[in-house]
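Student: Given these sequences and hints, build the entire structure.
Take a look at the letters that make up each chain.
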Amino acid sequence: EVQLVESGGGLVQPGGSLRLSCAASGFTFINYYMTWVRQAPGKGLEWVASIKQAGSDKYYVDSVKGRFTISRDNARNSLYLQMNSLRAEDTAIYYCARGVTTYDYCGQGTLVTVSS
Amino acid sequence: DAVMTQSPLSLPVTLGQPASISCRSSQSLVHSDGNTYLNWFQQRPGQSPRRLIYKVSNRDSGVPDRFSGSGSGTDFTLKISRVEAEDVGVYYCMQGTHWPRTFGQGTKVEIK
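Top to bottom, those sequences are chains A and X.
Read in order, the letters of the first sequence correspond to residues 1 to 116 in the working numbering.
Read in order, the letters of the second sequence correspond to residues 1001 to 1112 in the working numbering.
Hints in this document: simulated from the structure, not taken from any laboratory.
The C-beta atom is built at its ideal place from N, Cα and C for all residues, glycine as well.
Keep in mind that the hints are not guaranteed to be accurate.
What the hints assert, rightly or not - Sample of chain A residues facing chain X (criterion: CB under 8 angstroms; computed from the structure):
(1) Gly44
(2) Leu45
(3) Glu46
(4) Ser56
(5) Tyr59
(6) Val61
(7) Val100
(8) Asp104
(9) Gln108
(10) Gly109
As the list claims (entries may be wrong) - Dumping the calculated BS3-like pairs for lysine-lysine here, alpha-carbon to alpha-carbon at most 30 angstroms:
(11) A/Lys43 with X/Lys1055
(12) X/Lys1108 with X/Lys1055
(13) A/Lys43 with X/Lys1112
(14) X/Lys1079 with X/Lys1108
(15) X/Lys1112 with X/Lys1079
(16) A/Lys43 with X/Lys1079
(17) A/Lys52 with X/Lys1055
(18) A/Lys65 with A/Lys43
(19) X/Lys1079 with X/Lys1055
(20) X/Lys1055 with A/Lys58
(21) A/Lys65 with X/Lys1055
(22) X/Lys1108 with A/Lys43
(23) A/Lys58 with A/Lys43
(24) A/Lys65 with A/Lys52
As the list claims (entries may be wrong) - Just a sample of chain X residues kept apart from chain A, beta carbon distances all over 12 angstroms, derived:
(25) Val1013
(26) Arg1050
(27) Phe1067
(28) Ala1085
Tutor: Put into structure tokens, the structure is as follows:
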């Protein structure tokens, strides 16, 4: 059974940093692009970043470029999102998803709240 | 960016009646590999998104056959042939052809 379990969310002050993790199981992790999608409270879904299988290619939405870094550890079957210079508008549930042109599995999400 | 525009944004439906959601892209979603990467997701209250349809019309395993997707190029539709109580939630279209990936605003389906 495919499982994606996010962790690392929490309350952080504006300008602060946070590192999200996603533990993957039930499939061959190295075979798949992986993606982060977020959802601000009461709002719609927004694609954040994607990373290719070997980690060589990375893609970001403009609003997080230069602040967020997506990475993966294929030996640990894990996906990460390093978030720096956080802003109030980054407050959202962050979902880990499998895929690049489509997302066939999503985790339950981890809540990031940016507030003083 | 490929802007995805859904309509309507709110859809009250009577149980057992059909429902239809439109999704229009500002750009053709035909990829250079020939595929059209248009997906539909369902998000029930308090849950994470669940994929229903991929590549326009392919239904995911376990998705009831009352859900169907159609369309081409820039215009796409999700249809529910007979709405059931468990279909309440928000439905999103999403394109996976162009960078950045983009979602529609979401359509909230509720029971009248």
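Student: Run every hint past the structure and note whether it holds.
Tutor: Consistency of the hints with the structure:
Checking A/Gly44 against chain X: minimum C-beta separation of about 5 angstroms stays under 8 angstroms; hint holds. Below 8 angstroms, beta-carbon pairs count as interface contacts, and A/Leu45 has one with chain X at about 5 angstroms; its hint therefore holds. A hinted interface residue such as A/Glu46 counts as satisfied when its beta carbon comes closer than 8 angstroms to some beta carbon of chain X; here the least separation is about 7 angstroms, so the hint holds. For A/Ser56, the interface hint is violated, since its Cβ never comes within 8 angstroms of a Cβ in chain X; the closest pair sits about 16 angstroms apart.
Contact between A/Tyr59 and chain X, as hinted, is supported at the beta carbon level, the nearest pair being about 6 angstroms apart and thus within 8 angstroms. With a least beta-carbon distance of about 5 angstroms to chain X, the hint placing A/Val61 at the interface is held under the 8 angstroms criterion. Restraint check, A/Val100 versus chain X: the minimum CB separation of about 7 angstroms is within 8 angstroms; hint holds. Interface restraint check for A/Asp104: the shortest CB-CB distance to chain X comes to about 6 angstroms, inside 8 angstroms, so the restraint holds.
Because the smallest distance between the Cβ of A/Gln108 and any Cβ of chain X comes to about 5 angstroms, under 8 angstroms, the interface hint for this residue holds. Using the Cβ-Cβ criterion of 8 angstroms, the hint placing A/Gly109 at the interface with chain X is satisfied: the shortest such distance is roughly 6 angstroms. Of the supplied pair hints, the one linking A/Lys43 and X/Lys1055 holds, its CA atoms being roughly 25 angstroms apart against a limit of 30 angstroms. At roughly 22 angstroms between alpha-carbon atoms, X/Lys1108 and X/Lys1055 fall within 30 angstroms of each other, so this suggested pair holds.
A C-alpha spacing of about 23 angstroms is found between A/Lys43 and X/Lys1112, which places the hinted pair at or below 30 angstroms, so the restraint holds. Simply put, X/Lys1079 and X/Lys1108 have alpha-carbon atoms about 14 angstroms apart, close enough for the 30 angstroms limit, and the pair holds. Between the alpha carbons of X/Lys1112 and X/Lys1079 the distance comes to roughly 18 angstroms, so the proposed pair stays at or under 30 angstroms and holds. For the hint pairing A/Lys43 with X/Lys1079, the CA-to-CA distance comes to about 23 angstroms; that is within 30 angstroms, so the pair holds.
A threshold of 30 angstroms between alpha carbons decides the hint, and for A/Lys52 with X/Lys1055 the separation of about 20 angstroms falls inside it, so the pair holds. A distance of roughly 21 angstroms separates the Cα atoms of A/Lys65 and A/Lys43; the hinted pair therefore holds under the 30 angstroms criterion. Distance check on the hinted pair: X/Lys1079 and X/Lys1055 sit about 15 angstroms apart at the alpha-carbon level, within 30 angstroms; holds. For a cut-off of 30 angstroms, the pair hint linking X/Lys1055 to A/Lys58 stands: about 23 angstroms separates their Cα positions.
With a C-alpha separation of about 28 angstroms, the suggested pair A/Lys65 and X/Lys1055 falls inside the 30 angstroms cut-off, and the hint holds. Our distance criterion of 30 angstroms between C-alpha atoms is met by X/Lys1108 and A/Lys43, whose separation comes to about 12 angstroms. Using a Cα cut-off of 30 angstroms, the hinted pair A/Lys58 and A/Lys43 holds, with the two alpha carbons roughly 25 angstroms apart. Under the criterion of a C-alpha separation no larger than 30 angstroms, the hint pairing A/Lys65 with A/Lys52 is consistent with the structure, at around 17 angstroms.
For X/Val1013, the condition that its CB be more than 12 angstroms from all CB atoms of chain A holds, with the nearest at approximately 20 angstroms. Once the 12 angstroms rule is applied to beta carbons, X/Arg1050 is inconsistent with being away from chain A; the minimum gap is 7 angstroms. Look at X/Phe1067: its CB is around 16 angstroms from the nearest CB on chain A, clear of 12 angstroms, so calling it non-interface holds up. No Cβ of chain A comes within 12 angstroms of the Cβ of X/Ala1085; the nearest lies about 23 angstroms off, and the non-interface call holds.
Checked against the numbered hints above, the structure violates hints 4 and 26; every other hint is satisfied.
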